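Trainee: Input sequences plus hints: build the corresponding full structure.
As given, the protein sequences belong to chains A and B, one line each in that order.
Going left to right, the first sequence walks through residues 1 to 86 as our numbering numbers them.
Going left to right, the second sequence walks through residues 1 to 457 as our numbering numbers them.
Because the hints were derived from the structure by calculation, they are not lab data.
All values derive from a computational prediction rather than experimental measurement.
A portion of the hints provided could be inaccurate.
[Unchecked claim] In silico EDC-like pairs for lysine to aspartate or glutamate, Cα to Cα no more than 16 Å straight-line: (1) B/K241 to A/E21; (2) B/K273 to B/E234; (3) B/K233 to A/E21; (4) A/K23 to B/E234.
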Amino acid sequence: MKSAVSSQAVESTTPNIDGFEIKRRPIVGFGLLMSSIIGSLAVLIYFGAWASSDRIENRALAAGVPESQAEGKWWEDGLMLACPLH
Amino acid sequence: MRNAALWFDRRFGLEEHTIAHYAWVIVAIAGVVQMVGAAIRMAFGVLIDPLVETFGWTPGSIGLAYALMSIVTALASPLGGYLGNRFGARRTMMAGTVLFFIGMMWTSQTQQIWELYVAYGIVFGISQALLLVPVVPAVASWFRRHLGLGTGIMMVSWSLGPALVVQVLAVLFENVGWSQAFVIVGVVGTGTLIFILLFFKNTPEDAGKTAYGTYKTDNPLMTSGNVFVSTQKEFQGFVYKTNAFWNLINIHFLGCVGHAVILVGIIPLGISKGLGPLTAAGVLTTISIVSVATRFGAPVLSERMSPKIVMFISFFGQGVGVFLLLTANSTLDFYIFAVVWAIPYGGEGTAFPVLIRKYFGHTPMGTTYGWQLLGAGLGMALGGVIPGIVFDITGTYTWAIILSAVFSLAGSIAILLLENTRRQLIPNWPEMEAKPTSGEVSSATIGSAEPGIAGGN
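Mentor: Structure, rendered in structure tokens:
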């Protein structure tokens with residue numbers, strides 16, 4: 001029970017889009033997406049820097065040296081540098 | 001009895017439905033593709049201990065392969081959607097099947113950690129995108145109307161399939177070892193995919209049938225040819241200029257961060273509150289089972305009412321529901337949370353195809369959906385790392401729970417800022433000039449005063 005429809009046998013109509021135009025830019029949608037990305041990066045950097053700070057502090061305590069003398073790994077230093085709150 | 005059935009059909013609008021339609025075969029195939037494609041991803045946790053024992057790699061370095069796979073899948077999703085639109089879902093999924101086989105075989109023979117990263121992280125990651133992204137738009141093309149019903153049924157298999165396959169994998173790992181398990185699943189999975197894809201048709205027109213829900217008065221939609229390619233490009237250009245396109249990527253991202261935090265963190269959180277490992281795992285299983293109801297219900301409801309309302313309720317419920325975890329201390333508390341939270345969680349992600357259809361009509365949705373899955377994949381990756389980082393810092397999961405709520409509630413606000421779904425945002429996708437030749441029609445249409453479903457079983 002099927003209808004004999006063949007897409008090859010018929011011609012498509014010209015799309016009725018003459019003159020259709022979206023002049024406005026998607027500022028709201030794109031802005032929301034960018035806000036989420038920036039917000040997420042901020043959260044990641046803040047918590048990452050917090051974790052890095054703790055790790056460096058723990059290593060310093062274990063080695064019995066001041067925190068300023070304990071060496072951080074590259075990603076720990078990077079996160080600390082990127083976060084203005086740590 | 002017959003009169004009662006007819007009354008029931010009329011009362012619930014079921015007279016337009018029939019199970020004798022090839023669209024349901026496509027939905028079933030999509031379910032199996034989801035099951036096979038997602039199995040190894042879902043079972044990664046089972047793989048960690050055997051690899052630690054065999055090679056002495058750390059769980060962290062093994063976990064990096066999973067993170068890499070998630071990110072590669074996310075980044076390859078727009079490509080998967082585009083390829084599905086351009087070359088057809090079937091060819092794209094065939095390419096995904098070849099990569100699935102290579103990824104599985106290579107992973108089974110892994111000796112070095114970099115091989116795991118390439119085989120599982122990159123090859124398998126791309127195969128995931130090529131298998132899982134085009135299948136949803138392909139199912140959509142089989143539904144001229146009632147897309148919510150088709151999507152709902154497919155999404156149920158999405159939830160149940162991996163849960164079933166994970167159990168099979170666990171048994172295989174136990175009995176034949178991880179390497180042989182990968183070989184077996186790779187061979188059986190590839191064979192299954194090749195076999196079912198033989199029956200897969202990209203569009204109803206490819207199969208000489210009409211889409212489910214096509215009225216006798218409907219012209220067929222354009223689905224192939226040079227004009228199709230150029231029109232698709234032009235329409236996709238319109239889609240990119242809408243706020244909805246970008247905001248839907250954003251919403252998918254926010255929702256996935258919100259639930260990934262919970263899905264990844266619920267077992268360690270439960271254990272930290274004194275639950276046994278099996279009991280804690282049971283909480284996750286309960287979430288999976290309960291969420292099946294709304295995975296099915298959300299797209300169906302979205303078609304009958306506004307998808308914005310359904311999605312807002314789901315996101316809002318997902319965000320507010322996690323606060324139950326702040327005071328959860330007993331097994332009962334956790335299981336109450338699992339039931340209450342799983343209801344909005346299940347409905348959070350399954351209405352997207354219906355919303356895309358409302359905004360962009362019958363324009364092929366592969367590229368649009370692929371971009372949304374990019375947002376979803378990155379959201380899952382971010383949400384997956386939050387619980388571990390937060391616990392390392394604070395020794396509790398409180399901040400992880402709060403962050404989960406913040407992301408979900410931000411998603412619900414973003415939904416409110418979406419355009420009204422009553423108005424399609426771009427022109428109608430072109431139809432063919434010729435109407436379907438009369439042919440036969442399904443019994444559901446005979447004698448119906450309403451426009452019926454053109455046949456095409």
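Trainee: Hint by hint, say whether it matches the structure.
Mentor: Against the structure, the hints:
1. B/K241 to A/E21: Holds. B/K241 to A/E21 sits at ~10 Å (cutoff 16 Å).
2. B/K273 to B/E234: violated, 55 Å
3. B/K233 to A/E21: OK: B/K233 and A/E21 at ~14 Å, within 16 Å.
4. A/K23 to B/E234: holds, 15 Å
Hint 2 from the earlier list is the only one contradicted by this structure; the remaining hints agree with it.
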